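Please build the complete structure, drawing on both the sequences and the hints.
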Amino acid sequence: MQNALNLLSRGKYVLLLAIFLGLMIWRDGFTVLIRDWEFAVALIAEGTLTGLMYSLIALGFVLIYKSTDAINFAQGEFVMIAAIVVAGMLDWLGLPLWLAILIGFAFMIAFGMGLERFVLRPMIGMPIVAIIMATIGLAFFLRGFGPLVFGAAPTTINLPIPDSPIILGPLYLKPIGLVGAAASLLFLAGFGWFFLKTRKGVAMRAVADSHQVSMAMGINVERYFAIAWVMAGIVALMGGLLWGNMVGVDTQLALVGLKVFPVVILGGLDSVNGVILGGIIVGVTEAMTSGFIDPVVGGGMKDFAPYVLMIIMLMIRPYGIFGRRLIERI
Amino acid sequence: MFHRECGYYKTSYEADQAVLPIPVAKQGIGLFAIVFLVLIPLHSMITGIEYYVSLVSLVGITVVGALGLNILLGYTGQISIGHAAFMSVGAYTAANLAVKFGLPFYITLPLGGVMAALIGIVVGFPSLRVKGLYLAIATIAAQFIIEWVINHTPAISGGVAAAIEVERPDLFGWKLDAAVELYYFVIFFAIIAIIAATNLVRSRIGRAFIAIRDQDIAAEIIGISVFRYKLYAFAISSFFAGCTGVLYTYYLGIATYEQFQIVVSIDFLAMCIIGGLGSIIGSILGAFFITLLPTVIRIVMETIGPWFMDPSDLPTVIGQLRLIFFGGLIMLFLILEPEGLNRMWLNIRNYFRVWPFSY
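Chains as they are written, first to last, in this note's numbering: chain L, 1 to 330; chain F, 331 to 689.
Calculated from the structure, these hints are not laboratory results.
Bear in mind that the values here come from a model prediction, so they are computed numbers and not experimental data.
Glycine included, each C-beta is placed from N, C-alpha and C at the ideal position.
Don't take each hint at face value.
[As the list claims (entries may be wrong)] Derived contacts from chain F toward chain L, CB cut-off under 8 angstroms, selection only: (1) 464; (2) 658; (3) 665.
[Claimed, not checked] Label pairs and their calculated CB-CB ranges: (4) L/172 <-> F/548: 54 to 60 angstroms; (5) L/41 <-> F/591: 35 to 41 angstroms; (6) L/248 <-> F/593: 19 to 25 angstroms; (7) F/434 <-> L/17: 46 to 52 angstroms; (8) F/582 <-> L/114: 39 to 45 angstroms; (9) L/17 <-> F/625: 50 to 56 angstroms; (10) F/643 <-> L/216: 51 to 57 angstroms; (11) L/172 <-> F/437: 53 to 59 angstroms; (12) L/31 <-> F/505: 55 to 61 angstroms; (13) F/452 <-> L/20: 20 to 26 angstroms.
Right under this line is the structure:
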């Protein structure tokens with residue numbers, strides 16, 4: 001009986017897989033993949049690198065959700081404001097890169113702490129929809145504030161990384177992509193270690209588990225909330241440097257924030273490991289869609305293919321691959 | 331002083347249930363009716379200035395959408411960041427019906443609404459399983475997918491530019507193309523929407539919505555079919571959104587997806603939050619507030635801006651200030667007055683209820 005039930009609950013995965021395989025065979029997908037295997041491999045490699053850079057941005061979201069239960073719809077704008085501050089320092093004041101990054105670092109720390117103190121702390125205990133709306137408001141605020149204060153002209157951050165691609169067989173790898181992926185993995189590993197091993201990390205996990213119990217154990221919950229927002233700001237600074245180098249710095253940079261949602265839903269909202277997997281899935285899906293499907297349907301599908309995947313995930317497993325399943329009580 | 335409630339004895343159930351229970355409320359509504367139905371159009375007809383009429387027409391269109399979203403967000407507690415997509419569904423449905431089949435607006439308007447409601451039900455299905463954040467993200471996805479489908483289906487979007495030009499509404503051979511005529515056209519539907527929403531939330535359906543918002547599991551236990559009523563909420567709300575889209579189409583004379591991007595969804599969410607969640611008056615006030623905000627910022631900046639900046643920078647700065655005020659006001663209202671303008675109005679009213687003898 002139990003086995004039969006298990007099989008039934010797996011049924012939806014089998015069904016989805018069957019639909020996918022059927023579509024692939026019907027539209028000659030496999031033939032195309034085998035014929036263009038070099039193209040496919042190149043797309044997968046490119047998608048993985050881009051995906052890891054998405055992970056870096058999604059990491060900020062997960063860090064906040066994991067420790068404060070708040071949902072940050074402004075993560076893309078965090079990235080944007082960090083990049084705009086650094087670019088502003090470079091262009092405006094003509095500072096050297098290291099000093100500009102240092103100022104950006106200080107700005108993001110102050111910004112994260114101020115945000116927690118003046119916006120998020122008064123909102124503790126409000127329904128989740130209110131916090132979503134507040135961060136959407138914050139997103140708009142930053143989109144206006146950044147260009148107004150630090151200059152609206154599109155610019156780029158030139159990191160000392162060569163432009164010429166590295167060629168490995170069929171692969172053309174951009175050095176910035178490799179650096180970005182490496183930085184993402186480093187950050188993710190660093191935060192994994194932080195949560196597992198350090199005293200502060202353990203305290204943050206305790207805060208995430210239950211605010212009241214952590215308070216009773218003598219943890220200063222509000223301080224850890226501030227730390228979480230500051231960490232998200234620093235991660236955003238890293239993302240802003242890399243993405244600012246790749247796509248240029250203006251308000252459009254905030255649009256990378258839209259990729260955060262598929263990544264975190266696929267990986268699991270509160271899982272640092274899930275962010276890596278989710279990022280890679282989103283990156284590869286995007287690359288494959290733009291390579292194989294967009295020419296057929298006339299373009300633009302790349303931008304929402306990850307969302308389609310995400311909706312399927314919401315239907316069958318809303319808490320994600322690695323996420324914690326929540327049980328609802330009255 | 332004016333809003334006195336003593337001395338009016340309700341002697342029947344009808345009087346107790348009335349929408350406007352005391353004479354001063356009726357007089358107030360009458361005053362607004364005179365201002366909006368007589369004075370504003372009269373001003374335009376006498377002076378020939380169409381500016382104020384067109385401004386209030388835009389507000390009237392947004393009132394319909396804000397009411398719809400407030401039914402979903404404020405009364406049922408389900409978030410939707412895809413409402414602009416429902417509007418585009420209504421707009422393109424009506425535009426296609428009007429252009430290809432030559433149907434008049436009194437047929438295309440309800441059909442556009444119904445089509446949006448059907449799509450809304452499909453989008454609402456995940457709400458049975460997911461809520462809060464997950465629903466927000468699912469509706470964002472719906473926004474992108476609907477936008478893409480409309481853009482990439484020439485049969486719907488009418489070709490490369492994805493825009494369909496529509497004739498002005500035609501009332502039994504009388505073409506409504508002057509600003510004042512369009513104004514009455516829009517205000518008529520806005521009033522219908524206000525009356526419909528007011529009565530809806532007092533009804534059995536409205537009470538079920540409120541029960542689901544307050545505690546969905548408890549609502550299910552007292553015998554409300556959460557499944558059915560959540561879908562009702564999505565259907566009704568997207569019907570209003572679809573009608574908004576149709577009104578935009580007739581008002582602007584063109585159906586274009588650029589009018590219905592995700593920013594517009596967020597505009598409408600902001601109207602509900604700033605106006606006040608779960609209140610009809612709040613939706614109307616919010617629609618006024620958000621629609622007039624850019625105009626006010628523009629006028630103020632054009633007056634004081636040249637004192638301290640280069641006039642050629644003004645348009646960019648005004649755009650940025652608009653974003654700052656828009657985002658900042660959402661945050662301020664959520665932190666300081668989560669019940670929005672509606673609560674402010676109630677506070678003022680309650681203060682004057684017993685004024686000047688506040689004890």
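Hint by hint, here is what the structure shows:
{"no.": "1", "hint": "464", "verdict": "5 angstroms, holds"}
{"no.": "2", "hint": "658", "verdict": "5 angstroms, holds"}
{"no.": "3", "hint": "665", "verdict": "5 angstroms, holds"}
{"no.": "4", "hint": "L/172 <-> F/548: 54 to 60 angstroms", "verdict": "59 angstroms, holds"}
{"no.": "5", "hint": "L/41 <-> F/591: 35 to 41 angstroms", "verdict": "36 angstroms, holds"}
{"no.": "6", "hint": "L/248 <-> F/593: 19 to 25 angstroms", "verdict": "21 angstroms, holds"}
{"no.": "7", "hint": "F/434 <-> L/17: 46 to 52 angstroms", "verdict": "50 angstroms, holds"}
{"no.": "8", "hint": "F/582 <-> L/114: 39 to 45 angstroms", "verdict": "41 angstroms, holds"}
{"no.": "9", "hint": "L/17 <-> F/625: 50 to 56 angstroms", "verdict": "54 angstroms, holds"}
{"no.": "10", "hint": "F/643 <-> L/216: 51 to 57 angstroms", "verdict": "55 angstroms, holds"}
{"no.": "11", "hint": "L/172 <-> F/437: 53 to 59 angstroms", "verdict": "57 angstroms, holds"}
{"no.": "12", "hint": "L/31 <-> F/505: 55 to 61 angstroms", "verdict": "57 angstroms, holds"}
{"no.": "13", "hint": "F/452 <-> L/20: 20 to 26 angstroms", "verdict": "21 angstroms, holds"}
The earlier numbered hints are all upheld by this structure, with none contradicted.
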